[in-house]
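This is what each chain is made of:
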Amino acid sequence: MNAIQTHALSKQFLLHLQGGVRIPVLHEVEFHARFGECVALSGPSGAGKTTLLRSLYGNYRVGSGALLVCHHGQMVDLATATPREIVAVRRDTLGYVSQFLRVVPRVAALDIVAEAARNVPREEARDMAAALLQRLNIAPRLHSLPPATFSGGEQQRINLARGFIGGHPILLLDEPTASLDAENRDIVIAMIREATARGTAIVGIFHDAVVREAVANRVHIVLPHQEAA
Amino acid sequence: MTDDRMLSASGLNLRFGTVPALVDVAAELWPGEVLAIVGESGSGKTTLLNVLSGHMAPQSGQVLYRAPDGTETDVHAMSAPMLRALHRSDWGFVHQNPRDALRMGVSAGGNVGERLMAQGSRHYGDIREAAIAWLAEVEIDADRVDDLPRTFSGGMLQRLQIARTLVTHPRLVFMDEPTGGLDVSVQARLLDLIRGLVARLGIAVVLVTHDLAVARLLAHRVMVMQRGEVVETGLTDQVLDDPQHPYTQLLVASVLAA
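Taken in order, these protein sequences are the chains called Z and R.
First residue of the first sequence: 1, per this note's numbering; consecutive thereafter.
First residue of the second sequence: 1001, per this note's numbering; consecutive thereafter.
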């Protein structure tokens, strides 16, 4: 069953400050991912992989076409959904791990992760968060600190823990291993495989060929707009 | 979707002389939702807040408030005592300048307790206990409960105002630049506090801010205003990451990255 699917999805950016320049990025994209599979978005730099991933999350507005997400067993079109519906889809169905952690001042790493847990009491969420951080090699002494001063790799692992703790049925990953060493990369590979084995649909951008080959069941090629047209 | 909107405003117009402050503005809010109104000074965002909260009457248009029992009332058709009662019970208002809301000659605990007394609480011990609990909630030490607000720093005053506002458990709070004029570190603490309290208590908030980072941190949805008009509205991250209107693109492009 398709977890997320597009039909003739197009997206262009109109830059008013640059004299109304139009930058077409996605042209009638047909994409789908099923529950239990991991689809890697692949293609040359600048082809629109990140634009497609952000569009799938509803972060970029759909220009034209449909973006269907299986939410509580029903297909919801995020192209026409209200902001409140998109908030509900993101809460219950659609998770996203950005490339960089957006730190919240003063909030401890453990709480940043714990507050993304779903349908569990606060204490249990904190235990889950601690276990996830531990698994991702974030030392317990760091759990109570705000991650603003952490290294890039540590921040990325906190971001991953935040993305995985919710157990969303669909998970979008933007370069989840970009700042990680081999050991932590292998842990993330294992987490992605466990998630797909549980039935999670994963769509990701993985520049690291080792990661891509280890996790992807299928590759979706994204070509620059001119070549695709 | 069932219509459980808490606040719905439509066709709001207001001019100050020749200056348009609100031009055919519509807004809606659902329970537990945080809506940010952003724009530069003079864009009409504070005027909109004052009209939505009943403090200022529009020249045309209406603002409907749906009470928990489902009855809907036009905020601007209410009698003054009814509106005051609403502001004392279901609603709260956090001003940019805490001195506009606090009584500077009354102790911190008194400032918080006063709202409870206005609601009918009479038991002194209970009121004092609630006041101390709320001071702790906003990270003010219990041993400051009898101090006058004028001995407090700007950040503490703002936290005291928030305690005073939330002690009566409002379901809708209006906030006008709640972190304006504070040092960045004080601002961060306050934002974190507001964010935590709003999420935990499930309060609906209409927040006016010129700071897009504040909107991103706190709000589910944003409305962008320019010269009294709402030029763009939508999901916060959509509006900030993929702005459509020239003015929104300008606002987003003008933010200095630290």
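Just so you know, the hints here were simulated from the structure itself, not pulled from any lab data.
A hint or two may mislead.
Just a few of them, taken from the derived set where beta-carbon distance is under 8 Å, the chain R residues facing chain Z [to be verified]:
#1 THR1018
#2 TRP1030
#3 GLY1125
#4 GLY1154
#5 ALA1188
#6 ARG1189
#7 LEU1191
#8 ASP1192
#9 LEU1217
#10 LEU1235
#11 ASP1237
#12 ASP1241
#13 ASP1242
#14 PRO1246
#15 GLN1249
#16 LEU1250
Yeah, the Cβ is synthetic: ideal placement off N, Cα and C, and Gly gets one too.
Here is what the structure says about each hint:
1. Interface hint status for THR1018 (chain R): violated, as the beta-carbon distance to the closest one in chain Z is roughly 27 Å, over 8 Å.
2. Checking TRP1030 (chain R) against chain Z by beta carbon gives a least distance of about 6 Å; that is within 8 Å, so the hint holds.
3. At a threshold of 8 Å, the smallest CB-CB gap from GLY1125 (chain R) to chain Z is about 30 Å, leaving the interface hint violated.
4. For GLY1154 (chain R), the shortest C-beta to C-beta distance to chain Z is roughly 17 Å, which exceeds 8 Å, and the interface hint is violated.
5. A least Cβ separation of about 3 Å between ALA1188 (chain R) and chain Z falls short of the 8 Å threshold, and the interface hint therefore holds.
6. Interface restraint check: ARG1189 (chain R) against chain Z, minimum CB-CB distance 6 Å, threshold 8 Å, status holds.
7. A least Cβ separation of about 7 Å between LEU1191 (chain R) and chain Z falls short of the 8 Å threshold, and the interface hint therefore holds.
8. At about 5 Å, the closest approach between the beta carbon of ASP1192 (chain R) and any beta carbon in chain Z falls short of 8 Å, and the interface hint on this residue holds.
9. At about 7 Å, the closest approach between the beta carbon of LEU1217 (chain R) and any beta carbon in chain Z falls short of 8 Å, and the interface hint on this residue holds.
10. Hint on LEU1235 (chain R) holds. Least Cβ distance to chain Z is approximately 4 Å, under the 8 Å limit.
11. Using the Cβ-Cβ criterion of 8 Å, the hint placing ASP1237 (chain R) at the interface with chain Z is satisfied: the shortest such distance is roughly 5 Å.
12. Taking 8 Å as the C-beta contact cut-off toward chain Z, the hint placing ASP1241 (chain R) at the interface holds, the least distance being around 6 Å.
13. The criterion of a C-beta within 8 Å of any C-beta in chain Z is met by ASP1242 (chain R), whose closest approach is roughly 5 Å, and the hint holds.
14. Restraint check, PRO1246 (chain R) versus chain Z: the minimum CB separation of about 4 Å is within 8 Å; hint holds.
15. For the restraint placing GLN1249 (chain R) at the interface with chain Z, the shortest Cβ-Cβ distance is roughly 5 Å, inside the 8 Å limit, so the hint holds.
16. The interface hint given for LEU1250 (chain R) holds, since its Cβ lies 6 Å from the closest Cβ of chain Z, which is under the 8 Å cut-off.
Violated hints, in rising order: 1, 3 and 4; the structure is consistent with all others.
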